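Take a look at the letters that make up each chain.
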Amino acid sequence: MEAASHAKATHDHAHSHDDHAHHPSGLMRWVTTTNHKDIGTLYLFFSMTMFFIGGLLAFGIRAELFQPGLQYWEPEFFNELTTMHGLIMVFGAIMPAFVGFANWQIPLMIGAPDMAFARMNNWSFWLLPPAAILLVASFFVPGGAPAAGWTIYAPLSTQMGPGMDLGIFALHIMGASSIMGSINIVTTILNMRAPGMTLMKMPLFVWTWLITAYLLIAVMPVLAGAITMVLTDRHFGTNFFNAAGGGDPVMFQHIFWFFGHPEVYIMILPAFGIVSQVIPTFARKPLFGYASMVYATSSIAILSFIVWAHHMFTTGMPAAGQLFFMFATMLIAVPTGVKVFNWIATMWKGSMTFETPMLFAIGFIFVFSMGGFTGLILAITPVDIQLQDTYYVVAHFHYVLVAGSLYAIFSGAYFWLPKWTGHMYSETLGKWHFWLSLIFFNVTFFPMHFLGLAGMPRRIPDYALQFADFNMLATIGALGFGLSQLLFVAAVIKCIRGGEKAPANPWEGADTLEWTHLPSPPPYHSFETPPVVK
Amino acid sequence: MLNQSARYFVPDPSHWPIFGSVALLSMASGAALWMNEASWGKFVLIAGVCILFFMMFGWFGTVARESEGGKYNSQVDLGFRWGMSWFIFSEVMFFAAFFGALFYMRVLSVPWLGDLEHKLLWPDFNAQWPTAGPGVAEKFTPMGAWGIPALNTFLLLSSGVTVTIAHWGLLKNNRKQLILGLAATVALGITFLCFQAYEYSHAYSELNLKLSSGAYGATFFMLTGFHGFHVTIGTLMLTVILARSIAGHFTAEHHFGFEGVAWYWHFVDVVWLLLFILVYWL
Ligand code: HEM
Ligand SMILES: [Cu+2]
Chain A
1 MEAASHAKAT HDHAHSHDDH AHHPSGLMRW VTTTNHKDIG TLYLFFSMTM
51 FFIGGLLAFG IRAELFQPGL QYWEPEFFNE LTTMHGLIMV FGAIMPAFVG
101 FANWQIPLMI GAPDMAFARM NNWSFWLLPP AAILLVASFF VPGGAPAAGW
151 TIYAPLSTQM GPGMDLGIFA LHIMGASSIM GSINIVTTIL NMRAPGMTLM
201 KMPLFVWTWL ITAYLLIAVM PVLAGAITMV LTDRHFGTNF FNAAGGGDPV
251 MFQHIFWFFG HPEVYIMILP AFGIVSQVIP TFARKPLFGY ASMVYATSSI
301 AILSFIVWAH HMFTTGMPAA GQLFFMFATM LIAVPTGVKV FNWIATMWKG
351 SMTFETPMLF AIGFIFVFSM GGFTGLILAI TPVDIQLQDT YYVVAHFHYV
401 LVAGSLYAIF SGAYFWLPKW TGHMYSETLG KWHFWLSLIF FNVTFFPMHF
451 LGLAGMPRRI PDYALQFADF NMLATIGALG FGLSQLLFVA AVIKCIRGGE
501 KAPANPWEGA DTLEWTHLPS PPPYHSFETP PVVK
Chain B
1 MLNQSARYFV PDPSHWPIFG SVALLSMASG AALWMNEASW GKFVLIAGVC
51 ILFFMMFGWF GTVARESEGG KYNSQVDLGF RWGMSWFIFS EVMFFAAFFG
101 ALFYMRVLSV PWLGDLEHKL LWPDFNAQWP TAGPGVAEKF TPMGAWGIPA
151 LNTFLLLSSG VTVTIAHWGL LKNNRKQLIL GLAATVALGI TFLCFQAYEY
201 SHAYSELNLK LSSGAYGATF FMLTGFHGFH VTIGTLMLTV ILARSIAGHF
251 TAEHHFGFEG VAWYWHFVDV VWLLLFILVY WL
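Read top to bottom, the protein sequences are chains A and B.
If you read the first sequence in the working numbering, its first letter stands for residue 1, the second for the next number, and so on.
If you read the second sequence in the working numbering, its first letter stands for residue 1, the second for the next number, and so on.
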């Protein structure tokens with residue numbers, strides 16, 4: 001409470017005049033806002049919308065695969081479904097969700113009044129709806145949406161209809177948004193920390209975002225280059241990916257995965273950050289091995305640039321290349337293992353309670369680690385040559401992306417909702433959401449390991465009879481998982497609209513600035529006078 | 001909230017970004033239409049470009065006014081420095097993708113196409129750089145390094161010197177040196193672009209060197225083209241800075257607008273040196 005009145009006092013002191021008077025209200029408030037909290041909220045709601053659109057597409061996939069044979073869709077449309085599901089979930093749901101967290105949390109956690117470039121921050125967000133419009137519109141042009149897989153490999157992507165152009169431009173715009181957002185985040189973290197907040201005192205969530213933003217700035221332009229080459233190959237007669245002109249379709253894969261592998265870490269490092277805030281809070285112990293966490297995150301970031309060809313073991317690389325990329329990939333398991341070890345060591349002998357954020361964080365550790373292990377298995381070249389493009393890979397990346405990134409997003413959402421809204425969320429809804437998600441997630445994706453090991457190819461709308469049972473099970477699980485997510489929407493809406501009032505720090509073990517120095521919800525402009533960190 | 005006593009600067013709500021979003025949406029959809037045989041798409045594209053220019057005019061105008069109004073303290077200034085550095089880093093990575101493609105084709109894919117296996121398919125292919133690849137029948141002549149490109153190297157390097165002279169002028173409060181230095185830089189940039197335009201027309205009309213001339217044509221035009229595009233942007237930015245200098249903006253202590261553009265110009269310069277060596281010369 002004292003912290004609250006203190007913040008209020010400085011707030012009033014800073015403006016003798018009423019600066020809110022000329023702020024637009026209603027829709028224009030959201031369109032013109034330069035406030036990191038508003039923009040964070042926009043990102044999070046955008047992400048939630050895209051999550052459900054992507055989920056709908058996923059259900060289109062699972063419905064088709066419920067039984068063998070062609071049921072509902074033409075194979076071409078099935079390809080559009082898998083492609084657009086991937087693109088929308090990666091670029092529309094997971095990435096914007098983490099940027100939303102960054103917007104809300106980084107200024108609060110480092111004691112800054114806002115992001116470094118508040119106007120550009122607005123633009124970073126407002127580039128996303130146009131990109132989403134282009135993506136969704138591509139379903140309605142002749143030839144339909146991009147159908148080359150989310151990896152848009154040439155020469156498929158150099159041949160498809162106008163939908164591919166819309167997809168390419170959407171990616172360009174989302175890339176620009178990510179680059180601007182990341183420049184903003186890096187600058188905010190490097191330049192706007194409160195006095196006394198040295199780098200090695202920053203909360204781990206801030207650290208992981210610093211490194212993520214660096215990765216984004218480094219690889220989004222490379223993706224832009226790759227899709228620009230696809231565009232010129234399509235329309236302007238270049239031959240980058242055409243052997244007849246001296247190019248090579250495999251070159252697209254190299255450039256794409258030089259972006260693509262760091263991209264998967266872009267989607268998991270902020271998740272590591274969230275889990276590293278949640279676990280110590282509910283274990284009521286400081287994070288075990290803070291410094292080693294920072295170094296582990298940095299080494300993951302560096303290593304992620306030299307492993308890309310583990311996605312390309314079946315393209316006929318020289319053996320020396322295969323060996324190099326196999327061992328480099330396995331090396332990443334070391335810092336990842338350090339992290340998992342540290343989280344467990346943090347819980348060791350802690351006085352733990354199991355509120356929803358903690359449940360999701362612990363669920364994350366268990367299920368994400370399984371995805372890490374299947375990743376290691378896929379990293380073994382001879383094994384991968386069998387498993388490449390089977391459902392085993394699908395199982396792997398859903399274990400790391402759904403049970404990894406998405407669970408961390410849920411964990412963080414429940415963790416910070418009381419701070420953001422000033423109300424406690426419903427623990428009952430949250431727990432139901434967690435347990436149903438956990439069960440249905442595994443019902444959906446665990447069988448895919450067996451399907452893949454038995455040789456079922458991914459991205460194909462039909463399959464041999466022996467795969468029928470597991471596929472039916474997976475579809476039932478997917479339906480259950482999708483419906484369980486409505487509980488999350490219910491929990492969020494309920495929390496925004498009311499509920500038990502949240503104190504400034506509802507979590508006994510939370511010790512970062514947003515809990516110790518600000519009321520719940522924090523004032524519209526917080527930390528105009530920076531706090532001093534000891 | 002333009003609050004000068006506060007340590008940080010947080011701008012008021014702004015309507016400029018949404019103009020930018022509308023601009024990019026119409027540019028993207030216009031370009032997609034145009035490329036797919038809907039010729040009216042180009043009007044949508046052009047409308048988008050106009051909105052974008054309008055937005056930049058308004059947005060940067062606001063920033064310049066705030067800067068001249070003393071709203072930006074040293075903290076904000078440092079923020080701009082970080083921001084510009086990371087932006088240039090992202091540009092480096094963009095060019096890296098295209099240099100990577102050049103490397104891959106020259107060192108890997110073209111030699112592979114000449115190996116024994118491919119002799120079955122293309123028995124007459126001579127896997128020597130520069131090449132249009134085994135399947136492109138039209139012959140072309142590669143661009144030599146020591147004509148216009150060497151001259152252009154000289155022009156850009158001198159422009160790096162003139163922009164530094166302008167900077168010295170600003171630091172010494174010698175406005176005349178500042179303005180003349182900048183004007184010379186802009187002139188050199190424009191000359192460079194004219195030479196490049198001439199070089200392109202020469203390539204198309206006399207050397208039969210086109211965007212569609214296989215691996216060599218694609219990397220040549222895409223690398224030099226994106227570089228030329230960046231020189232254009234740089235020249236525009238320099239022109240704005242020149243106009244602002246004439247209007248009396250910038251002081252010896254406070255002139256990141258100038259420095260940011262100078263950094264950008266040097267970056268474009270370095271890319272050109274790489275281009276000259278890797279695309280034209282070797
Ligand atoms: C221990 C760490 C990891 C290792 C060793 C690893 C290894 C691999 C390998 C070898 C593949 C290629 C499989 C194939 O196509 O044959 C793969 C695919 C993939 N991984 Fe991982 N991975 C790890 C962690 C992650 C994480 C953290 C994420 C994302 C959050 C992720 C996302 C993906 C995705 C999306 C694909 C599939 C790409 C596609 O073809 O569509 N992985 N992984
Ligand atoms: Cu990878």
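Hints in this document: simulated from the structure, not taken from any laboratory.
Be aware that one or more of the hints could be misleading.
To be verified - Covered stretches of chain B, as calculated for chain A (at least 3 residues, CB under 8 Å):
{"no.": "1", "segment": "80-87"}
{"no.": "2", "segment": "147-161"}
{"no.": "3", "segment": "195-207"}
{"no.": "4", "segment": "250-262"}
Claimed, not checked - Anything over 10 Å on all C-beta distances counts as not near chain A; from chain B, calculated:
{"no.": "5", "residue": "H15"}
{"no.": "6", "residue": "W16"}
{"no.": "7", "residue": "L25"}
{"no.": "8", "residue": "G144"}
Unchecked claim - No more than 25 Å apart at the CA atoms, straight line, and that leaves these computed lysine to aspartate or glutamate pairs for DMTMM-like:
{"no.": "9", "chain 1": "A", "residue 1": "K494", "chain 2": "A", "residue 2": "D389"}
{"no.": "10", "chain 1": "B", "residue 1": "K176", "chain 2": "B", "residue 2": "D115"}
{"no.": "11", "chain 1": "A", "residue 1": "K37", "chain 2": "A", "residue 2": "D389"}
{"no.": "12", "chain 1": "A", "residue 1": "K494", "chain 2": "A", "residue 2": "E508"}
{"no.": "13", "chain 1": "A", "residue 1": "K37", "chain 2": "B", "residue 2": "D77"}
{"no.": "14", "chain 1": "B", "residue 1": "K71", "chain 2": "A", "residue 2": "D38"}
{"no.": "15", "chain 1": "A", "residue 1": "K37", "chain 2": "B", "residue 2": "E66"}
{"no.": "16", "chain 1": "A", "residue 1": "K37", "chain 2": "B", "residue 2": "E253"}
Source: prediction; values computed, not measured.
Beta carbons: idealized from backbone N, C-alpha and C, even for Gly.
Handout entry: Hint check against the structure, violated hint numbers in rising order
Key = As far as the earlier hints go, 2, 3, 4, 5, 6, 7, 9, 10, 11 and 16 are violated by this structure, in ascending order.
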